[in-house]
Amino acid sequence: MREEILRELEKIVGEDDVSTDPVEIYVHSRDSALFQGFADVIVRPESTEEVSQILKLANDYKIPVYPRGSGTSICGGPIPVLGGIVLAMYKMNRIIEFDRENLMVTVEPGVICDDLNEFLAPYGYFFPPDPGSSNAATIGGMVGHNAGGMLALKYGTTKDWIQWLEVVLPGGKVIRTGSNTLKSVSDYDLTKLFCASEGTLGVVTKIGMRVAPKPKYYRTVLFYFDDLRKAGNAIVNVRSSGVVPAALEIIDRISMKTAGEYTGMDLPEAEAMLIVQTDGLVEEQVQREIEICFEAAKKAEPIEWMMAETEEERNKAWAIRKACFPALARKAITTIIEDMCVPITKIPDALVEIQKIPERVNNLVSIGTYGHAGDGNLHPTFLFDERDPEEREAFFKATKILYDEVVLPRGGSITGEHGIGIARSKYIPKQLGKETIELMKGIKKVFDPNNIMNPMKGKPYGDEAIIPEI
Amino acid sequence: MSEVKEFKGLSKEEIKKFEFLSDKYADDTFKCIRCSYCQAKCPSWEEFGWVSHSARGRIQTARGIVEGKLRPSEYMLRAVFTCNMCDYCLLKCPAGLPTTDIIRALKHDLAKQGYYVGVHKKLVERIQKYGNPYGEDPAKRADWMKEE
Chain A
1 MREEILRELE KIVGEDDVST DPVEIYVHSR DSALFQGFAD VIVRPESTEE
51 VSQILKLAND YKIPVYPRGS GTSICGGPIP VLGGIVLAMY KMNRIIEFDR
101 ENLMVTVEPG VICDDLNEFL APYGYFFPPD PGSSNAATIG GMVGHNAGGM
151 LALKYGTTKD WIQWLEVVLP GGKVIRTGSN TLKSVSDYDL TKLFCASEGT
201 LGVVTKIGMR VAPKPKYYRT VLFYFDDLRK AGNAIVNVRS SGVVPAALEI
251 IDRISMKTAG EYTGMDLPEA EAMLIVQTDG LVEEQVQREI EICFEAAKKA
301 EPIEWMMAET EEERNKAWAI RKACFPALAR KAITTIIEDM CVPITKIPDA
351 LVEIQKIPER VNNLVSIGTY GHAGDGNLHP TFLFDERDPE EREAFFKATK
401 ILYDEVVLPR GGSITGEHGI GIARSKYIPK QLGKETIELM KGIKKVFDPN
451 NIMNPMKGKP YGDEAIIPEI
Chain B
1 MSEVKEFKGL SKEEIKKFEF LSDKYADDTF KCIRCSYCQA KCPSWEEFGW
51 VSHSARGRIQ TARGIVEGKL RPSEYMLRAV FTCNMCDYCL LKCPAGLPTT
101 DIIRALKHDL AKQGYYVGVH KKLVERIQKY GNPYGEDPAK RADWMKEE
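Those protein sequences? They're chains A and B, same order as listed. Sequential numbering of the first sequence, starting at 1, is according to this note's numbering. Sequential numbering of the second sequence, starting at 1, is according to this note's numbering.
Think of the hints as simulated: they come from the structure by calculation, not from any bench. Among the hints, a few may not be true.
Restraint-style ranges between C-beta atoms, simulated for each label pair [unchecked claim]:
| no. | chain 1 | residue 1 | chain 2 | residue 2 | range |
| --- | --- | --- | --- | --- | --- |
| 1 | A | M265 | B | H108 | 36 to 44 Å |
| 2 | A | K62 | B | E14 | 55 to 63 Å |
| 3 | A | K216 | B | H120 | 40 to 48 Å |
| 4 | B | H120 | A | N362 | 47 to 55 Å |
Simulated pairs of lysine to aspartate or glutamate, EDC-like, Cα-Cα distance not exceeding 16 Å [as the list claims (entries may be wrong)]:
| no. | chain 1 | residue 1 | chain 2 | residue 2 |
| --- | --- | --- | --- | --- |
| 5 | A | K346 | A | D375 |
| 6 | A | K298 | A | D226 |
| 7 | B | K8 | B | E74 |
| 8 | A | K331 | B | D27 |
| 9 | A | K216 | A | E284 |
| 10 | B | K41 | A | D114 |
| 11 | A | K214 | A | D114 |
| 12 | A | K346 | A | E405 |
| 13 | A | K257 | A | E271 |
| 14 | B | K41 | A | D115 |
| 15 | A | K430 | A | D404 |
| 16 | A | K434 | A | E464 |
| 17 | A | K441 | A | E464 |
| 18 | A | K230 | A | E284 |
| 19 | A | K444 | A | E464 |
| 20 | B | K41 | A | E118 |
| 21 | A | K91 | B | E46 |
| 22 | A | K257 | A | D226 |
| 23 | B | K92 | A | D114 |
| 24 | A | K257 | A | E269 |
| 25 | A | K91 | B | E47 |
For each residue, glycine too, the CB sits at the ideal point set by N, CA and C.
This is chain A alone, in the form it adopts within the complex:
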């Protein structure tokens, strides 16, 4: 990068907030995916005005810009593949306003999800989207990827809680989308367009969000099944019972075994485990709802079940689910989480097929699967050693089988809540078709004619995006 551009950046944000040191560049070169790319400079803006000036400069010189929160993305979303500026939003982490009467909170993009909920808790409110990474994920990143989580079945994903956005466009123009009001159809719903745009259209600098009253009561029940299809029937039964549970999670045999060893819990021999939870403000209603779910799931013939009567028992049930990822991560050098969705009736079938994938790649990868059964969003977690070229190749082959042969033929989606980034670019045309890609390219061009915003990420380009071989 030219010296004069660095000097300009320093003028905008100050010398202390610009770094070109190789160590800083290196630690910003990855997210949790397998890809790597090196920026020329890391810049930490502190205000919308600074972001605006940076984007004007970048647009004038056609320099790529990659907005970045905590780097918890698992699809290669923030990787600086073409050099340029990493726009590190660390300093824009203020909770600006909490309007309790209107149930609205206004934040900057660098606020961490758990910090926001810690702030809201004393008032009896919470921000419901709950990605597994909520203790590190920033609200800006959650908007960029439309993060979901275990509570998405009842409470929806990030986009369902965003009322309006302040966004800086390439060139420096600052726009506002949406409205403070619950209803508004004044725009093309640009707010939702920016949700899950993965930083390819502009930089979100303020977020107006709704919050919800925090539930006071929870009821949880656990089921074990000796057959994946029975577990699948239970999911369908619960979903069609009339109750919308707060969470409906599934864990396959491999994940259950690994999580059992990790937590020291003695779990029954089973092919799948389901966790159902209801929540709310009225105890009798929450209790009645779990009873309805219980009866519905029981019709699918579980081999064992456990109704969590106390908070301790409830925590124990969730400990198994929460242990899935860390327990698997300790088993291998490299752990990569995939993110697929299938219609809920296809979950058992998909799980059976996923379990066959390792054999297809000479068992060079292993896979444990768990996820949000209520909305068909599963996270097959691949374990291998990225340093071994054969295992690395096997991983790419295995993910191709996953998307081409398991997800897409069953009418599923290649990503439910993690995003396209670099990892899933090539599967977009297969899911959406070339015409949709062309339309997305057109949208991208309207916002970012010089293609400076997070370039070469899949969303607008599909299989035309470059995947760096690093």
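Chain B: place on chain A using the hints.
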């Protein structure tokens, strides 16, 4: 002031000099899943606000050395030695990595090759010269006691 710097790593021979890190913790640096759980409340991250100065950054820096993509620099020393070894990252790491041990190994291997920050250099010199880190005359060690 920022400058465009050469991005040059270590040779295989130079990596070997990071013996503690490469012998005991090389695999662990690759096992880091970069989830940032260790970063969110890392005290030095909260103080400095650069990823390099956080637990995640230090584990990644260790990986950068092991895979020959980074070499020691003043900036690296500052980033590594500002870790106060509080073990927050150890408690938070879902992959169960011995985070503080990795950082300790990195500090050890850097220091052993003569890369340490100015204040440490002073401490070592004082210990060598006076037998204490304060640079005080050992003969006056008992001066604080009152005479009976």
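Right, here's what the structure says about each hint:
Under the hint 36 to 44 Å, the C-beta atoms of M265 (chain A) and H108 (chain B), about 38 Å apart, fit the expected range. Restraint check, K62 (chain A) to E14 (chain B): a C-beta distance of roughly 38 Å breaks the suggested window 55 to 63 Å. For K216 (chain A) paired with H120 (chain B), a C-beta distance near 53 Å fails the hint of 40 to 48 Å. Roughly 50 Å separates the CB atoms of H120 (chain B) and N362 (chain A), a value that falls within the hinted 47 to 55 Å.
Between the alpha carbons of K346 (chain A) and D375 (chain A) the distance comes to roughly 11 Å, so the proposed pair stays at or under 16 Å and holds. Distance check on the hinted pair: K298 (chain A) and D226 (chain A) sit about 13 Å apart at the alpha-carbon level, within 16 Å; holds. Of the supplied pair hints, the one linking K8 (chain B) and E74 (chain B) holds, its CA atoms being roughly 15 Å apart against a limit of 16 Å. Taking the CA atoms of K331 (chain A) and D27 (chain B), the gap is about 12 Å. The hint holds against a cut of 16 Å.
Between K216 (chain A) and E284 (chain A) the CA atoms are separated by roughly 12 Å; this keeps the pair inside 16 Å, and the hint holds. Straight-line distance between C-alpha atoms of K41 (chain B) and D114 (chain A) comes to about 11 Å, which keeps the hinted pair within the 16 Å bound. Under the criterion of a C-alpha separation no larger than 16 Å, the hint pairing K214 (chain A) with D114 (chain A) is consistent with the structure, at around 14 Å. Proposed proximity of K346 (chain A) and E405 (chain A) is supported: the alpha carbons are some 13 Å apart, at most 16 Å.
As the CA atoms of K257 (chain A) and E271 (chain A) are separated by approximately 10 Å, the hinted pair is consistent with the 16 Å bound. The straight-line distance between the Cα atoms of K41 (chain B) and D115 (chain A) is roughly 10 Å, inside the 16 Å bound, and the hint therefore holds. The hinted pair formed by K430 (chain A) and D404 (chain A) meets the criterion: a straight-line CA distance of about 8 Å does not exceed 16 Å. Restraint check for K434 (chain A) and E464 (chain A): the C-alpha separation of about 11 Å stays at or below 16 Å, so the hint holds.
As the CA atoms of K441 (chain A) and E464 (chain A) are separated by approximately 11 Å, the hinted pair is consistent with the 16 Å bound. Note on K230 (chain A) and E284 (chain A): the hinted pairing is violated, with a Cα-Cα distance of about 29 Å set against a maximum of 16 Å. The hinted pair formed by K444 (chain A) and E464 (chain A) meets the criterion: a straight-line CA distance of about 14 Å does not exceed 16 Å. Note on K41 (chain B) and E118 (chain A): the hinted pairing holds, with a Cα-Cα distance of about 14 Å set against a maximum of 16 Å.
Between the alpha carbons of K91 (chain A) and E46 (chain B) the distance comes to roughly 10 Å, so the proposed pair stays at or under 16 Å and holds. Pair hint K257 (chain A) plus D226 (chain A) holds up; C-alpha atoms about 14 Å apart against a cutoff of 16 Å. Note on K92 (chain B) and D114 (chain A): the hinted pairing holds, with a Cα-Cα distance of about 14 Å set against a maximum of 16 Å. Between K257 (chain A) and E269 (chain A) the CA atoms are separated by roughly 8 Å; this keeps the pair inside 16 Å, and the hint holds.
For the suggested pair K91 (chain A) and E47 (chain B), the alpha carbons sit about 12 Å apart, so the restraint of at most 16 Å is met.
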